[in-house]
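Going down the list, the protein sequences come from chains A and B. Residue numbers for the first sequence follow the working numbering, so the first one is 1 and each next one is one higher. Residue numbers for the second sequence follow the working numbering, so the first one is 1 and each next one is one higher.
Everything labelled a hint here was simulated from the structure, so no lab data went into it. Think of the CB as a built atom: it goes at the ideal place given N, C-alpha and C, for glycine as much as any other residue. One or more hints might be untrue.
Below, a list of computed lysine-lysine pairs in the DSSO-like style, where the Cα atoms sit at most 27 Å apart [said to hold, decoys possible]:
hint: 1; chain 1: B; residue 1: Lys104; chain 2: A; residue 2: Lys185
hint: 2; chain 1: B; residue 1: Lys111; chain 2: B; residue 2: Lys77
hint: 3; chain 1: A; residue 1: Lys159; chain 2: B; residue 2: Lys104
Here are some chain B residues the structure puts well away from chain A; computed CB gaps all over 10 Å [said to hold, decoys possible]:
hint: 4; residue: Ser2
hint: 5; residue: Phe24
hint: 6; residue: Asp25
hint: 7; residue: Asp58
hint: 8; residue: Glu198
hint: 9; residue: Lys212
hint: 10; residue: Ala216
hint: 11; residue: Gly219
hint: 12; residue: Lys227
hint: 13; residue: Asp235
hint: 14; residue: Phe265
hint: 15; residue: Thr324
hint: 16; residue: Asp330
Output of the computed footprint for chain B on chain A, the stretches with three or more beta carbons under 8 Å from beta carbons of chain B [stated by the list, open to error]:
hint: 17; segment: 161-175
hint: 18; segment: 179-190
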Amino acid sequence: MRRDWKFYSQLGLTIVLCLFIVVPVVMSALAGVTVNVFKGLSSGLTLRWVFEVWDLYAQSILLSLGIAMACLVVTLLAGVPLAYVLVRRPSRMMRLFEELLTLPVAIPGLALALALLITYGGVSGYRSSWLFILTGHVLFTLPFMVRSVAAVMAAMDMKMLEEGAASLGAGFWRRFFGVIVPNAKPGILAGALMVVTLSIGEFNLTWMLHTPLTKTLPVGLADAYASMRLEIGSAYTLIFFVLIMPLLIAMQALADRGKRASRRIDTAEDTL
Amino acid sequence: MSTQIRLRNCAKTFADGTRALAPFDLTIEGGETIVLLGPSGCGKTTILRMIAGLEFSDAGGVISFDGDDVTRQSIEKRRVGMVFQSYALFPNMTVAENVAYGLKVHGVPGKERDARVDAMLEMMHIDMLADRRIDQLSGGQRQRVALARAIAVQPRVLLLDEPLTALDAKLRVRLRTEINALLRKLGITAVYVTHDQEEAMALGDRIVVMQKGEIAQIGTPREIYRKPQNPFVADFVGAANRMTGQMRDGRLHIGAHVFDAVDAFDPRHGAIIDQGAVELYFRADGLSPCDLDEAHFTGRVEAVSYLGERLRLTVSGIGPQAVTIDTHADDVIETGADVHCRVNADRLTVFPAVAAHS
Ligand SMILES: Nc1ncnc2c1ncn2[C@@H]1O[C@H](COP(=O)(O)OP(=O)(O)O)[C@@H](O)[C@H]1O
Ligand SMILES: [Mg+2]
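Please take these sequences and the hints and turn them into a complete structure.
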């Protein structure tokens, strides 16, 4: 195929668009390791700001990771069985429940936070603990877990698999953990990555729910931007990237693997 | 010892009100292979699932295995082997792990388990596939794995729901032969569901022909083939040609012709049909082409199809609908030609005419 002007103009446009997105990221990351942003790179590179961020915000970063993990555990424990019931025993009630579950995704995080504050704001021990933020994150991320797992479960004829296992003597729990869960793994993994990523990056809700003692990573970031010198905010962004990028890459790899598996052609011959 | 299955007064009405099965009794002897045969939707799978414990009979039904009442027992406890049309293999396990699953559930220790898995795989000729993933197998191979998995746990009964329907014709015949040999070798009580008459004849010690949730006839393949008890069974097992006639004093009149040697016993009423309008069902061998001077009837050839060893003619003008007649493969017959034929009265199945049709 000859490459004509159309090809080159498309290539050009793609590059420009990519640069448009990538340049600010690089600029911001660079700013985090520059001695003085206003003087530019000529002022030299340093890790000083990164360490400073760590000193100031280690608490927030660790809290965020902790909340993300707790959120993952809760959404796994609640989401996998929920997805199972949704797919296996569909009814009008369950559909309604699914809609209800998706509501926190549809309404603005601020509104959800407000609702939580109005309802539980008075419970002082709870209001001031990280569990309050966890509640918000679980409400916000659970639908993603459920959807992701349910999609895989819906595609795998669970009824038939379970009947096969039951005929071999397997009771419910054995079927659930030995057959259903392993076969739903792609959905569970995808859901897990999504939940962790969303939880670490969540700002809207968290900003409303946090207290000075329960600041998460993105809240700390806003704080750094607002009150510190620009280099510190940028170094903070850098740390954020380092944390979130592996998750995003893993998510992409997982999606690719799923696509490749479904594209595989059945080469087995019916020679037997 | 193989298990006898008894179903007494079983019936099934689904939650949505669908009446899938009218009350029926059925006894399946130990070691017997019974085939449930009938068109789609007639309730075959429902009976199978009731025996398995995946559906429960309406109140009043009793199912027993060798006299043990299992009516309320769940499938996990019944020790039934199941083979499904869509295999239902576990995609997260290898072939060997699939076969080992039931043994693991039953607590068979590791060494013995491995030995039994190997023996099963060998018996089904899939030992070289032991470490394959399920999605790397062909349909025929999958069905072999499914069979191995079901019989590995030495179930009391083996239940097969259209296991060959998803396979191509040649493979179907081959696996059918193997399944037949396997069932004889194991001597296990088996219930086999199919909508394919040929498969039913080839596999069944007895065949249960079903029609709209009721048992239309139970009998050996020969009985079903030669003595269908009602027009539905006759039609379903291939005697789809129909003529009408009259019985007068025990003799059959078709048009101006009279035939003596007919079997006019009506099993449903337990009596010989002596008088009255009758319907005659027959296969292509019920009429044979002949010369004009010997002929009972003359019809017109509507279509000719070449079956290899013979030629099948579709002929109008003899019965209420077109009938099929076989002739020599070498005959040259054109569509539109006249064909003369004789009635082979001993090949006719006689039923009292139903007022509704004819
Ligand atoms: N779970 C169910 N709920 C309602 N109706 C059902 C259900 N399963 C089967 N049926 C109905 O019961 C009848 C018999 O079904 P089935 O036993 O599957 O027939 P077959 O196996 O002979 O094709 C059909 O009319 C079918 O639609
Ligand atoms: Mg069926």
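Taking the hints in turn, this is what the structure says about them:
1. Lys104(B) / Lys185(A): holds (22 Å)
2. Lys111(B) / Lys77(B): Holds, at roughly 25 Å.
3. Lys159(A) / Lys104(B): holds (21 Å)
4. Ser2: With a cut-off of 10 Å, Ser2(B) remains clear of chain A, as the shortest Cβ separation is near 18 Å.
5. Phe24: Holds, because the least Cβ-Cβ distance between Phe24(B) and chain A comes to about 23 Å, which exceeds 10 Å.
6. Asp25: Non-interface label on Asp25(B) holds, nearest chain A Cβ at 25 Å vs cutoff 10 Å.
7. Asp58: holds (21 Å)
8. Glu198: Answer for Glu198(B): holds, closest chain A Cβ roughly 20 Å.
9. Lys212: Label holds. Min Cβ-Cβ 25 Å, cutoff 10 Å.
10. Ala216: holds (28 Å)
11. Gly219: holds (29 Å)
12. Lys227: Fine: 36 Å to the nearest Cβ keeps Lys227(B) off the interface.
13. Asp235: Holds: least Cβ distance 33 Å, greater than 10 Å.
14. Phe265: Label holds. Min Cβ-Cβ 43 Å, cutoff 10 Å.
15. Thr324: holds (33 Å)
16. Asp330: Non-interface label stands for Asp330(B): nearest chain A Cβ at 36 Å, farther than 10 Å.
17. 161-175: Coverage by chain B holds for the segment 161-175 of chain A (11 residues, Cβ < 8 Å).
18. 179-190: Holds, because 4 residues of the segment 179-190 of chain A bring their Cβ atoms closer than 8 Å to Cβ atoms of chain B.
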